[in-house]
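As given, the protein sequences belong to chains C and H, one line each in that order.
Going by the numbering used here, the residue at position 4 of the first sequence is 4; the numbering climbs one at a time, nothing skipped.
Going by the numbering used here, the residue at position 1 of the second sequence is 398; the numbering climbs one at a time, nothing skipped.
No lab work stands behind these hints: they were computed from the structure.
One or more of the hints may lead you astray.
Have a look at the derived ranges for each label pair, beta carbon to beta carbon [to be verified]:
#, chain 1, residue 1, chain 2, residue 2, range
1, H, Glu551, C, Glu355, 49 to 59 Å
2, C, Gln335, H, Glu470, 25 to 35 Å
3, C, Asp11, H, Ser489, 37 to 47 Å
4, H, Arg457, C, Gly252, 33 to 43 Å
5, H, Ser433, C, Asp11, 36 to 46 Å
6, C, Phe320, H, Ser489, 24 to 34 Å
7, H, Arg457, C, Leu326, 30 to 40 Å
Restricting the straight-line Cα-Cα distance to at most 25 Å, the calculated cross-link-like pairs of lysine-lysine (DSS-like) are [as the list claims (entries may be wrong)]:
#, chain 1, residue 1, chain 2, residue 2
8, C, Lys9, C, Lys394
9, H, Lys634, C, Lys72
10, C, Lys164, C, Lys96
11, H, Lys494, C, Lys96
12, H, Lys494, C, Lys76
13, C, Lys96, C, Lys348
The C-beta atom is built at its ideal place from N, Cα and C for all residues, glycine as well.
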Amino acid sequence: MRALTYHGKHDVRVDTVPDPEIVNPRDAIIRVTSTAICGSDLHLYDGVIPAVLRGDILGHEFMGEVVDVGSKSTLKKGQRVVVPFTISCGGCFHCKAQQYSACDNANPVEKQDMSEELYGQAMGGLFGYSHLTGGFPGGQAEYVRVPYSDIGPIVVPDHLEDDKVLFLSDILPTGWMAADNADIEDGDTVAVWGCGPVGLFAIQSALKMGAHRVIAIDHYPNRLALAKKLGAEILDYKQTDISEALREMTGGLGPDAVIDAVGMESHGFSPDTQTHLLNISDTVKQKIGIGADRGGALREAIFACRKGGRVSLPGVYGGFLDKFPLGAMMEKGLQIKTGQTHVQAYLKELLGLIETGDLDTEFMISHRLPLEQAPTGYKNFKDNQNDWTKVVLKPEV
Amino acid sequence: MERDERYIMRDPPERRIYPVTVPEHRGDFWRNRGISPATGVAVGVGVAALAALAGMAYIRNRPDTPRPPDDAEPRFREGGAWKGRFAVAGKSILIGKPRAEVYAYFRDLSNQPKFMENLRTVRAEGTRSHWTFAGAFGQEIEVEVELTDDRENERLAYASVPGSPIEMRGEVTFRDAPAGRGTYVEFDLVYVPPAGAAGRAVANLVRRSPQQQLRHGLKRLKMLMEAGEVATSANRKENA
């Protein structure tokens, strides 16, 4: 089959690789009809996530048709399914508590050592996202082997076309959980850093959950325009001091909840705030390989958040961020909620909201490409973030 | 109208420049006395090293506060590695299944090869069983094992019979976890690895320490019990 594989920093190619087959009883094989490039794939593309090997198949947002099932799969051949990017067994302590992304039994035993040493506990399993999370072949391919297929994939009705439901695989539940983690209350102002796909879904979700107002922060005019269309007020950090603006917009209180939908590669070095200045040294450390994370957005979010407020962190981080404003966090009494998305916990509810038209999932798609042109997609999604807001790949084209 | 003198802006008075004496350069001070900066640095490093050594000696030799033992499992103090020719390993794991179920799975010794590393088959007859291990160089090693203790749902212990090519002892206890979380399984293993010192060197080289092998084994047991299969990211059977 054809699949998008990693060959090194800023070097991904579509190669011919062996087709997957059923290995374990709960497996299913999916023929991919749509798959997307995620913002977090760019962290792999930029080489800032460890343990990505040459030849690894990338991609964790995908859906398609069931073409083969193991003896214990509950899926049937021919069903149309969306597959969560998190692989979860459904039977461990975490799965039973609906913390699906923390599953104990998805990441193969030998691969657990690395993250256990790095983080204290082993990570769960994710499709196409480094060997820290299992080294599972990803979804930017013609076929994918889906483990624990009786727990993960959700069957979608035929009248909902791919583009409407594809994002159930990651970014829609991720944006939804980001808003959920912000514990929104009546009258709340929620500030969202980053108007990429997750940020945009977080904005939409926060408004749906009753936020009084949502303020979106970015520097790409097109992405800010999408946020505005959703009903957010927008701030462009290239022209405005964010912390000051947020204080002014809230009568000095600060936003009740802040969402960092940027993660480890935040931009912004304007010398006007302490938070941006610190980002310069993070960037140097990332470039020379002694630091994984650039934390400019997170620092600014914590700095801006009101006393006793909530910090929701869907953005991806990997290492040991320093100069973390723990003092502000403690002295202001902030709460933080974060984590890889517990996709399976949200699928049913979100599919319902798509069906009733309560959630718009197509507005952010800027490009649809055949799988063969995936490298072009990566390059532009990385280099031209203003115009390329979301890339969907179609293996069949 | 008369103007108040105080409110009239004037040019500031001209700044007077005073002569400044430049002090003698520090480097020159030492050089003038015949000591090079390099010597100074060397002396400094030497003094710092001596101070560090003295500090370490003090920390090593100062009397420790008397400490009553804490509640950590004794197996952590054992170190869980090599004791002479013995490999010692001990690990615990939480399995989200009732104690009876976990015990029964473990008690059926033919299940052991599904999760323990390097174990190919186990054939049991009563309290005696016949274990086949994969040796370091592809050969098979046969071991006769005797069940030395069997308390239903609580404890299992076994040991190789005298004269076996691998000397080993294992002990497993099963305890209820609180609030329906399942069962704590505690597994302690002592064995003399095959191929003696060479086997031990190889094991250390590929980081297959006894502790790591046991941890992997228990995680596989957990997967089998909770998920019904052992996770793999292999895309094809031949790579699994």
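field: Numbers of the earlier hints that this structure fails to satisfy, in rising order
entry: Numbers 4, 5, 10, 12 - these are the hints that the structure violates, sorted from lowest upward.
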